[in-house]
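Peer 1: In order, the protein sequence lines correspond to chains A and B.
Take -13 as the starting number for the first sequence in this note's numbering and just add one per residue.
Take 120 as the starting number for the second sequence in this note's numbering and just add one per residue.
Check each hint, because a few of them may be wrong.
[As the list claims (entries may be wrong)] In silico SDA-like pairs for lysine to any residue, Cα to Cα no more than 25 angstroms straight-line:
1) A:K498 <-> A:N42
2) A:K215 <-> A:K379
3) A:K522 <-> A:V499
4) A:K457 <-> A:K379
5) A:K379 <-> B:E221
6) A:K237 <-> B:A258
7) A:K213 <-> A:D285
8) A:K272 <-> A:D378
9) A:K438 <-> B:A220
10) A:K379 <-> B:Q207
11) A:K438 <-> B:V210
12) A:K237 <-> B:V210
Just so you know, these hints were derived from the structure itself, not from any lab.
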Amino acid sequence: MSSGPQATSAAATGTGGPSGARIAVAHAGPAGEWQMPAGDYANSRYSELSSITPQNAASLKVSWAFSTGVLRGHEGQPLVVDNTMYVVTPYPNVSYAIDLAQTGQPLKWKFRPVNSQQAIGRACCDVVNRGAAYADGKIFYNLLDGHTVAVNAATGAQVWRTKMGDLSRGETITMAPIVVKGKVIVGSSGGEMGVRGWIAALDAATGKEVWRAYNIGPDKDVKVGPKLKTFYAHDRGKDLGVTSWPGDTWKTGGGAVWGWISYDPALNLIYHGTSNPGPWNSNQRKGDNKWTAAILARDGDTGEMVWAFQVTPHDMWDYDAVNENILVDLPIKGQMRKALVHFDRNGFAYTMDRATGEVILAEPFVPMNWSTGIDLTTGRPNVVETKQTAQDKLVKDICPSLEGGKNQQPAAFSPQTGLFYVPTNNLCMDFTARAVTYIAGTPFIGGNAPEKGGPGGYRGEFIAWDATTGKKIWGIKEPYPVWGGALATAGGVVFYGTLDGWFKAVDARTGKVLWQFKVGSGVVGNPVTYTGPDGKQYVAIYAGIGGDMGLLIAGDVAANLPYDVRERGTTLPDIARWTSWGGELFVFSL
Amino acid sequence: MLFCGMCVAAGCQRGDGGRSDTSTAVVTAVSANFPDNSNAGHLLVAGDSLRLIEHEEILPVGFPSAIKPILIKNPYEGDKRATGVGAQLFVAYNCLDCHGAEGSGAMGPSFQDGRWHFGGSPGEVFESIYQGRPDGMPAWGGRISNDQIWMLTAYVRSLSSKDLSTENFTGKTVERTGH
Chain A
-13 MSSGPQATSA AATGTGGPSG ARIAVAHAGP AGEWQMPAGD YANSRYSELS SITPQNAASL
47 KVSWAFSTGV LRGHEGQPLV VDNTMYVVTP YPNVSYAIDL AQTGQPLKWK FRPVNSQQAI
107 GRACCDVVNR GAAYADGKIF YNLLDGHTVA VNAATGAQVW RTKMGDLSRG ETITMAPIVV
167 KGKVIVGSSG GEMGVRGWIA ALDAATGKEV WRAYNIGPDK DVKVGPKLKT FYAHDRGKDL
227 GVTSWPGDTW KTGGGAVWGW ISYDPALNLI YHGTSNPGPW NSNQRKGDNK WTAAILARDG
287 DTGEMVWAFQ VTPHDMWDYD AVNENILVDL PIKGQMRKAL VHFDRNGFAY TMDRATGEVI
347 LAEPFVPMNW STGIDLTTGR PNVVETKQTA QDKLVKDICP SLEGGKNQQP AAFSPQTGLF
407 YVPTNNLCMD FTARAVTYIA GTPFIGGNAP EKGGPGGYRG EFIAWDATTG KKIWGIKEPY
467 PVWGGALATA GGVVFYGTLD GWFKAVDART GKVLWQFKVG SGVVGNPVTY TGPDGKQYVA
527 IYAGIGGDMG LLIAGDVAAN LPYDVRERGT TLPDIARWTS WGGELFVFSL
Chain B
120 MLFCGMCVAA GCQRGDGGRS DTSTAVVTAV SANFPDNSNA GHLLVAGDSL RLIEHEEILP
180 VGFPSAIKPI LIKNPYEGDK RATGVGAQLF VAYNCLDCHG AEGSGAMGPS FQDGRWHFGG
240 SPGEVFESIY QGRPDGMPAW GGRISNDQIW MLTAYVRSLS SKDLSTENFT GKTVERTGH
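Given only the sequences and the hints, what does the whole structure look like? Please build it.
Peer 2: Structure (structure tokens):
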């Protein structure tokens, strides 16, 4: 039925959707497996499997389930390689290899890494882990306490364990690595702890660090050299990672790499975002604060910077730019473009040229009011003056909230429809910045930002987006932020889960909900699909509320308290009625 | 002797140095409101075990308990001015960004819900701040003065409300749209 990654285009219903769109990088491994966090280097989260269709999705049923034994936020997704499913839990980051070829899905192995308990209190936003990557017979993943491990996929034996982050300075690791040309690419969390963000490559065979690039600091540390060609003139100059900060503030300036990483083999470029600058109080760090809240393209072999684009210069709203960069070739104004599509926390969806860093178009994909638009001659946002935050000043009703129009929950792309499927938030905030002192290992935030629902009476929406025009095609409104990711399939069905615990199958063309099932806990993870040993198509999803949005439940904070920086009384009203903490894997089939 | 092995109490090893090698400016500013000249931090002595003294129920039946009980009191319990300084210290030492505004819980546990992971008595809260906790709570003993720890203890305890044993959701609705 499907012809692989170069699947034919089809117009989205009633829109005359983009034609000729294709994913830049084919699926990793056989079509029925899931070897990388996002399924492919392009971060498309698209599968060629096509047995589940809009016609039969209503008869989906639970095939089996598995408790991970951990009750915190289950972001991320399992892997499926050679009839084995690999699951990584939140802290303590236990991993399981589940034998899909046997009835009852027995474990092949369970691996419990050495992982410092201190990490729990150093992680800003729950003790999540966003998954593993498979390559060369090994499973690679990160530990919350700042280590990266390689585990033998057949035996569960630890092959190596390398310390990458410094917990005493607030560096934890939650992101999912990818493996590029024999190197494991990892980055740290800690944008709320005054870290100095970095991305690094380890030798997949030995665990030895091959290169490390900071995102802030002198050119040498940032790996800025002759290869760098920024598209916009204001992004050129020597040591911008120092000179765009007052004094030594760059040393504790954030810019962490806790999101998703993509790779284009043809251009040999790695793409990653960087987090918010620290602290939130922007009066303490006047200037552009490069390269925080930015999208960076780096050489796939050396980590050298090739282009750089600051999405939110001098961010003052905690708008990290770490969301995934999806690499697709798109027909725009009659021309095929090598595009990079990025749905930012700041509420704009960027369609960029992934070879040069040019912004082709940028349009709001959620309700927002802090900016009137992106100036395409500079790539910079036009900021609404009354929504600028400042120390000791209460600025009310800023949209989106610090959780962003979208957060870590990854979008998916279907070359069949040419559309992006995007889980979004609709929240606003009142922001008060506050003077803060850096104390190593404690939060370096300096701000309070209680949240509330955005305009329209809903707090999240699952949307289909045309990145060639910057327009929403359809949307499914949800009572809570959609904190789980999306999966697109060649069967024309898209999957996602909700914070209140519904797992849904949706018609990719129309947005009609075809089927839904209430799983055991709120969903903040990402669906994957695979072919079982019996030849059937299966869809798997974690249930386990948590992460930044579900933390108050995952941390068992009492319900509906009147105060909090992220109080669920107004942010997630009544969520405790609809779900409870958990940690389960659910697998569905026809 | 049996109790000495359990020594976890504040003041066991370190004196009340009042040293603050981080965030000096802020801390000095806050401390200026409340001179650190009290001897209160020395109520505890080497060998005290807060746990065993405060919770005799954890002793095995028949366990010799002839030791002289030590009453662990916060010298600032109920002292509004000290509690106010504690509130300022709570911000100055970045406690707020971990434990949430007014201790409502965020990265670290809530202080409002009446549930204490490591005990909620003055001695136990002091102990948590002084020596840190394995889940990531930093150890402040020796970095800030014992007086300041007692003021933080007074503030943190003042935030607590009764444990909410029952959450009744019936009769409540949330606006649900879209499906």
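Peer 1: Hints first: check each against the structure and report whether it holds.
Peer 2: Okay, the hints, checked on the actual structure:
1. A:K498 <-> A:N42: holds, 13 angstroms
2. A:K215 <-> A:K379: violated, 39 angstroms
3. A:K522 <-> A:V499: Holds: K522 (chain A) and V499 (chain A) sit about 22 angstroms apart, inside 25 angstroms.
4. A:K457 <-> A:K379: violated, 35 angstroms
5. A:K379 <-> B:E221: holds, 19 angstroms
6. A:K237 <-> B:A258: holds, 24 angstroms
7. A:K213 <-> A:D285: OK: K213 (chain A) and D285 (chain A) at ~9 angstroms, within 25 angstroms.
8. A:K272 <-> A:D378: Given pair K272 (chain A), D378 (chain A) holds - Cα atoms ~16 angstroms apart, limit 25 angstroms.
9. A:K438 <-> B:A220: holds, 16 angstroms
10. A:K379 <-> B:Q207: holds, 18 angstroms
11. A:K438 <-> B:V210: Given pair K438 (chain A), V210 (chain B) holds - Cα atoms ~24 angstroms apart, limit 25 angstroms.
12. A:K237 <-> B:V210: holds, 22 angstroms
Violated hints for the displayed structure, listed by number in ascending order: 2 and 4.
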